[in-house]
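**Q** Given the coordinates of chain A, work out where chains B and C should sit on it, guided by the hints.
Here the protein sequences line up with chains A, B and C, keeping their order. 1 is the number of the first residue of the first sequence in this note's numbering; add one for each residue after it. 1 is the number of the first residue of the second sequence in this note's numbering; add one for each residue after it. 1 is the number of the first residue of the third sequence in this note's numbering; add one for each residue after it.
Treat the hints as calculated values from the structure; they're not laboratory data. Built from N, CA and C at the ideal position, the CB exists for glycine as well. Be a bit skeptical, because a hint or two may be false.
The following label-pair restraints were derived from C-beta to C-beta distances [stated by the list, open to error]: (1) C/Pro15 <-> B/Ala167: 43 to 49 Å; (2) A/Ala256 <-> C/Ile97: 23 to 29 Å; (3) B/Gly123 <-> A/Thr68: 45 to 51 Å; (4) B/Lys104 <-> A/Ala249: 24 to 30 Å.
Read off the chains here:
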Amino acid sequence: MKAVITGLRRVVALVGLPIVLLLVWWFASADSHTAAMPPLKRILKVFPDTWFGERLTDDVLPSLIRLTEGYCAALVIGIVAGVAIGSSRTVRAFVEPVLEFLRAIPPPALVPILFLIAGIGDTTKILVIIAGCVWPILLNTVEGVRGVDPVLVDTCLTYRVSGLLRLRTFVLRSASPQIMTGARQALSVGIILMVISELKASTDGLGYTFEQFQTRFQYPQMWSGVLVLGLIGVVLSLLFRFVESRVLAWHRGQRAAERTSL
Amino acid sequence: MLKVQSLRKVYDGHGRQVEALRDITFSVNPGEFVCVVGPSGCGKTTLLRLLGGLIAPTSGTVMVEGRPVSGPPDGLAIVFQEYGRSLMPWLRVRENVELPLKAKRVPRAERAALVHESLAAVGLADAATAYPWQLSGGMQQRVAIARAIAFQPRVLLMDEPFAAVDAQTRADLEDLVRSVWQRFGMTMLFVTHDIDESVYLAERVVILSSSPTIVLEDLAIDLPAQRDQLETRSSARFVELRHHVYEQVQKAKNRSAVTPVV
Amino acid sequence: MNPYRSFLSRVGTSPALLGLLGLGVFAVLLEILPRAGVLSSDYFPPTSRIIGALWRELGRPDEQFRPSLLTALSDTLVTWLYGLSIAVAAGIVLGLIIGSLPLLREFTASTIEFLRPIPSVALIPGLIVLLGVGREPTLVIVVYASFWQVLVQVLYGVADVDPVARDTARSYHLGPLRRVRYVIWPTALPYVMTGIRLATTVALIVTITGEMVIGTPGLGDNLYIAYSGGDVPVMYALILVTGLIGVVANTITRAGERIVLRWHPSVRGEVAA
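For reference, chain A alone in the conformation it holds in the complex (with noise of 0.2 Å):
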């Protein structure tokens, strides 16, 4: 009986306030006469027939795979520099001012550089997110790398753990903690720039359907749009999670664990 309530309270807090939120808004827009502002109930009638037709296919999947392309690059470009970098005390000394600099200039404001560079195709698109996406992980990656602990440090030499498998399961686990840090704030970096990337000379995605029903005055359709964006970001947010609760099982465990013993 204890377990059913305790069970009962719990789902009330998780689908609580979301379905309290809803309902205000469904009653507060009900009898909304303002063009910008349609009603919920015209919002979620126009929502299948905007979003599961051509459009999954045509905007929607084109975008989610630039990002995907772009970000899983700028995994792999901003992971090996990082560690290249992080290893060592001279390269890093030299190249920090000149990273903090590139990282400190807004990704968006690259946008219209690389569309006069590299034309307004697709590579252009991904080249925004790539250079974006980029500087958290490498920086983060930098910051972990620095940061092994000596003492393996000394370890893998005496056990003689050297090249690509001590790469791979002592530099990379050691600083994966960072690394998922700077890979979680490129993904918020990476949304924003998948959409803005496609809202100016595009021909299709997410931020091309925006701007579409923006200027064709289509606001029901517009305001499901956010509801889409809204629900890729707290989708891709959860995948992330997931991966990262795998990455940094261990991590975890050994802070509870540091925690309990002090």
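**A** Just chains B and C now, kept in the frame of chain A:
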């Protein structure tokens, strides 16, 4: 097997020179168990890092199996003082023990057998799939010892491995180290600041002065090979030897108080 | 001693000098490569031309549809800092309230987790329709995006309060305000600083985004105007300015963190957020 000739190490830090070791000469025969004992801060860890090829001496030589040491020598393993930090928290116990064998390119089947055997030898066969941080300090140090055994070293160095565990665990681990040594027959060099421990464990004790460090005495321990925490420690000969070492270490401390520091 | 050699060895050991050298090499490379034709100077103007463009922009008065650099800079700074302060204040206050009331925390967790990942750009079309193309829509997305960074860190910080300290405070009958002042706030402070640092970066990114996409006056808008006019050196000059703002912001927030952490007894690691 292990030969140390007029070893000197001066650290050069921030314009100030610190002479950690002044003149160390001693040797260890094949299969012998030698303890190096000295007051706190006498450069024991420095000595061990020199022997392990982790740092280079200012002058003098270290020879392992007749070859001068210029990097971590073949067939030499170290058990570090900081057990909590010398195991990789993202690897299970089994994987930690296995890692050096992977680096050595030992075939998979043989690796599994070695890991199993060495974990059994330290009484941790059941903990193979646990993570290090799920174990107590004493058990973690056992894993580190198992890792060293599996590596099948001809020389095993131990750097105050039991400094941070409680007294009961410490006694168990001392007996474990003796039994491992008797069973596998490697050359053993054990560094400690604990006089009792050095006399109880070793066949020979090398007594170091305080900094700047030299060898004060090279003392044979003529206790029977079969040692027992109660019997041995209460035997008259043990008490005599212990007394002698204690005197030497005390003298060393007092002498350094009046010798002008160079 | 050979002075040249001693200089080299000093550079070799001093990170600051090495870093300066790195910046110098970077600038020289960007000067030489376009001039040598390795990079197209149409798209990669040499450093000197970027600096020249920056200089001219600094001297240029306001024109119609093209505000001067200083006007744009101050517009950007106002939007950015205004939005950031609202987000920080709201994040701290709400974070402390939600964090110290377990029931509230439990019931808002799922909503926070859902709202947080919604990309701020998703709001742009709707905001343009509702608020026009002035400062307001950009301000809203800046506040929205940076608010979560602060809120989440404050929540982590409050959750980190030592249960013993919490019980002690209760047993001494400290009122809620004093409990926040003496027990919760000191523990949460390092997390608050981390949140502010992350929020500062995000707020700048979103400010520039809003200016570019919505057309809110500021550096981003000027950048888009330069893009439309094909004025590449000016585009680089503006990127340089945004980068410098970012560097200054990072330096200040990190210094702030260091100062707070120096007198703070517990130096804690950053929570992945």
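**Q** Would you mind marking each hint as holding or not holding in the structure?
**A** Verification of the hints:
no. : hint                              : in the structure
1   : C/Pro15 <-> B/Ala167: 43 to 49 Å  : holds, 45 Å
2   : A/Ala256 <-> C/Ile97: 23 to 29 Å  : holds, 27 Å
3   : B/Gly123 <-> A/Thr68: 45 to 51 Å  : holds, 49 Å
4   : B/Lys104 <-> A/Ala249: 24 to 30 Å : holds, 28 Å
Hint compliance for this structure: every hint is met.
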